[in-house]
Amino acid sequence: MSVTRSDVEHAARLCRLEFSPDELETLRGELGRILEYVEKLRELDVTEVEPTLYGLAGSTPLREDVPGEDTLAREDALAGAPDEENGHFKVPGVL
Amino acid sequence: MGICELSLREMGSAVARRKVSPAELVEAHLSRIRVCDPTLRAYVTVNEAECERLARDRGRQSGGPPGVAAPLNCIPIAVKDNICTKGLRTTCGSRILRNYVPPYDATAVSRLRDRGCLLIGKTNLDEFGMGSSTENSFFGPTRNPWDLERVPGGSSGGSAAAVAAGMAAAALGTDTGGSVRQPAALCGLVGYKPTYGVVSRRGLVAFASSLDQIGVIARTVEDTAAVLEAVSGWDAWDSTSARRGQVRARQTGEVGKSGVLRVGVPWGFFSEGLDPDVSDVTRAVVSKLEKERWAFEEIDLPHAEYSIAAYYLVADAEASSNLARYDGVRYGEREGGTDDLWEMYVRTRTAGLGTEVKRRVMLGTYALSAGYYEAYYLRAQKARTLIKRDYEEVLRRVDLVLMPTSPTAAFRLGEKLHDPLAMYLSDVFTVGVNLAGLPAVSLPSGYSRSGLPIGLQLIGRAFEDQTLLEAARLFEQVVALEARTPAGLKGLLESGRGGA
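Listed in order, the protein sequences are those of chains A and B. Residues in the first sequence are numbered from 1 upward in steps of one, following my numbering. Residues in the second sequence are numbered from 1 upward in steps of one, following my numbering.
One should not assume that every hint holds.
Said to hold, decoys possible - Okay, derived cross-link-like pairs now, DSS-like style, lysine-lysine, Cα gap no bigger than 25 Å in a straight line:
1) B:Lys358 x A:Lys40
2) B:Lys358 x B:Lys416
3) B:Lys291 x B:Lys257
4) A:Lys90 x B:Lys86
5) B:Lys257 x B:Lys288
6) B:Lys388 x A:Lys40
7) A:Lys40 x B:Lys416
Just so you know, the hints here were simulated from the structure itself, not pulled from any lab data. Just so it is clear, the structure is predicted and the values come from calculations on it, not from any experiment.
Next comes chain B alone, as it looks inside the complex:
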């Protein structure tokens, strides 16, 4: 096993003990990227020169920048390309921002830099985060390292593929309706969506502001916690940032120790029509956890079946308003050739935005327009209240909710691309959490018969991220999933030889 397969924790300690130099660590990742990424296309931009320079500088210093220590010092972290990075282009997977270079760092990014992380590159996504497969990108689709003919999930598919293929130790993604958890599940990784307000949204390019949240994709719960500790916490620059949002990586060991963990499973909601592989993995994991004093009970989420409908109306209405800013005036590409302002707006937006983004902006505008507002948008917000209430009531009785992250393992490229509604329905298990503002984590839980990873998610109470992380760690220990090398990655490394 090479350097690139180590956990973030192991990499950090190898660097701290000088078993690996920062330059070697960076070079191993860049070399992996050179071998694999022409096929996987996880990255929109690789930040090669800056990483090489910083690694050289750090190698000369003893320890790294002042106050910086393992585990994050010199660790190559990938950042989804809808999170602003100063001086490093941030495209959102959109033609309209293909040359956009932000003048500032997102708060989450500056906090990673402060901890000594190296931003190895910006990862591919569905344009502005709108999609579940990373096929809706101006830069083309990303492929799943487990099977190159399949999608990595989305919209943070580039972040998930990068971590799964050893092209980054961990990654930031964003989760508006499952976009961190679902790709993590489809790529065999941990995907953490914090409580709304735990990670600052400053510098996260807005899609649906009441739902958007930056999250973490990593190989282990411990790695996830280390990154989350760095990026979480109150930020004066985000008015929705929470005062009690700081998450600590160190485990207190309290969870599960004092007694049984009570876990609710909404069997009735997800069982019908569930893929048999996902169903088998869910049952197997529940029975393993039951032996370790996890007390399961069936719960009812009576309004969960309305979550997709409510989600797409709320998200698209917010998107139609947020994306009005792409008008060719302050940033992004302008489509010129006209001296009429209206015409400039129309040409700029028509040329600059992709098909799915236009579809959503159109749906959101329609749902907000005179005569339809009450029937659609207002009704969706009321449904949101009911969905949220279901979770609140259930989480008074149980500590956690468990359910599959995605109804299937990774699907084939192109399979749902021309059927928007089918694509939307693949988010059925994830969107409720965003509507309710809750924290949730997808954890590697098993494999399908054809060897594709399957993830289950644990959902916790608002602002009890610490408890959720500790439960996730217990889950990881109990499930003790056998590690496998993604089959597609194996093929790429063998044919590329020389790959680290």
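Extracted from the complex, chain A is given alone in its bound form:
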């Protein structure tokens, strides 16, 4: 499986990561080798096989849609924020 330069650039955009041209080239080779290895999975006949999505099958517990007790206080939730204003997370302008 050969990975093209534009494949890597596309994935980088989706990941919000930036790489130098050298790094992109290295990654292209590494991802290519890893993907070549996982091609091994093609040997398997999986036509009748259901995928396993979760650790162990169990039912999803549900509860009323109300705030739980013992949740974080606003100031605690904001304590690690790089920037905040008026009790909110603050980010550079979106529009």
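We have chain A already, so just place chain B on it with the hints.
Chain B only, in chain A's frame:
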């Protein structure tokens, strides 16, 4: 032998009988850390002030906090630095979280505190748990106490090195693809990965949520069981937590008593190309156990050879999604200097995440992206089903599966660092258990010709952790491995003199 080499059980009873004061116990460990850790680098953060204060307070009380008793009261426990500790920084070995202080304790951590444990420090790891050598940390590599030129394994390498060097009585680690068992094997310790859902993941910083599980690293099976009893059990804060997950430390003695233990060994899967030392230890242990009514039979795990491929696709796909949260908005470091939101995300993530993490996030994103989803991610999940089925079928016939934990003893620092695929392949024996959600324990089993520890793992049925622990105890008694002081540690203690 000093205080720091005692088992957790022995320490607990020494404190309870007032043969050692809590302050002396803490001081012995802190002094060991001061002598050894500048070289070993097992800790990212040492929780010195809090431990000293708590130890002083406990020393004045009779017994400790109300309802708290041996064996865990006042015991110094290390916690891997991807498990949240309130008020104590939790870095995940990443630059992006290097100053992150969680506002809450992980459930496993609060349960340890409730039992009177002292959190002696936060241990080094491969960034976010991604690695098998503890070399991928923003804080630099951890060294193996058995040989300072070798890795302690990973990703819970800091936890394993801390326990092996007497810098903690036991430690919490996390096991997504072998990250508790493999470092325990490479450092001569017991490493326990519970059934998925037995220990709450609340406060465990997510890497691959369908595989992640908190586990225990300790010197003996009994110590492991004591810590596991404290941290296991249902938790309303984790929707994947199991109702039947509580593990008890007390042995019922049922296992092995009623008859022979049937143990399957997948010789065909692991024998080819296996390191001769690991092969010799496996054969020697099997023949010892056979004499004690363990009935071995060869088993086949026909899809085991696909487990690395399936694992890295599933784990990295989940990681790429989980790590999207590091965007410089709610916590962690922001790389500023721009008034554009997109640019802020890119700068923050590019500066904050390390090489291996980026590689995995890229691979996971690629495998999930349009046009590749079915070929990679979906196919990997189907392979996961086949791998899981192999174990289920085998474990209907046998009680346990036995195989090596790692294909080699500890490898050299730098040996696999620049070859990601070679590093991934070192997880070949451990990842299947995570894909199947099963419990497994790595046990000290022998030494290589050059004196490095070698571990074998026992794998049990889902939610039969109790049985697995009891079998592990029998294994430990039968194998009766001669205890040795790690050579690297010996050197550090001799040159540091004064070390406890």
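Unsatisfied constraints (hint numbers, rising): none
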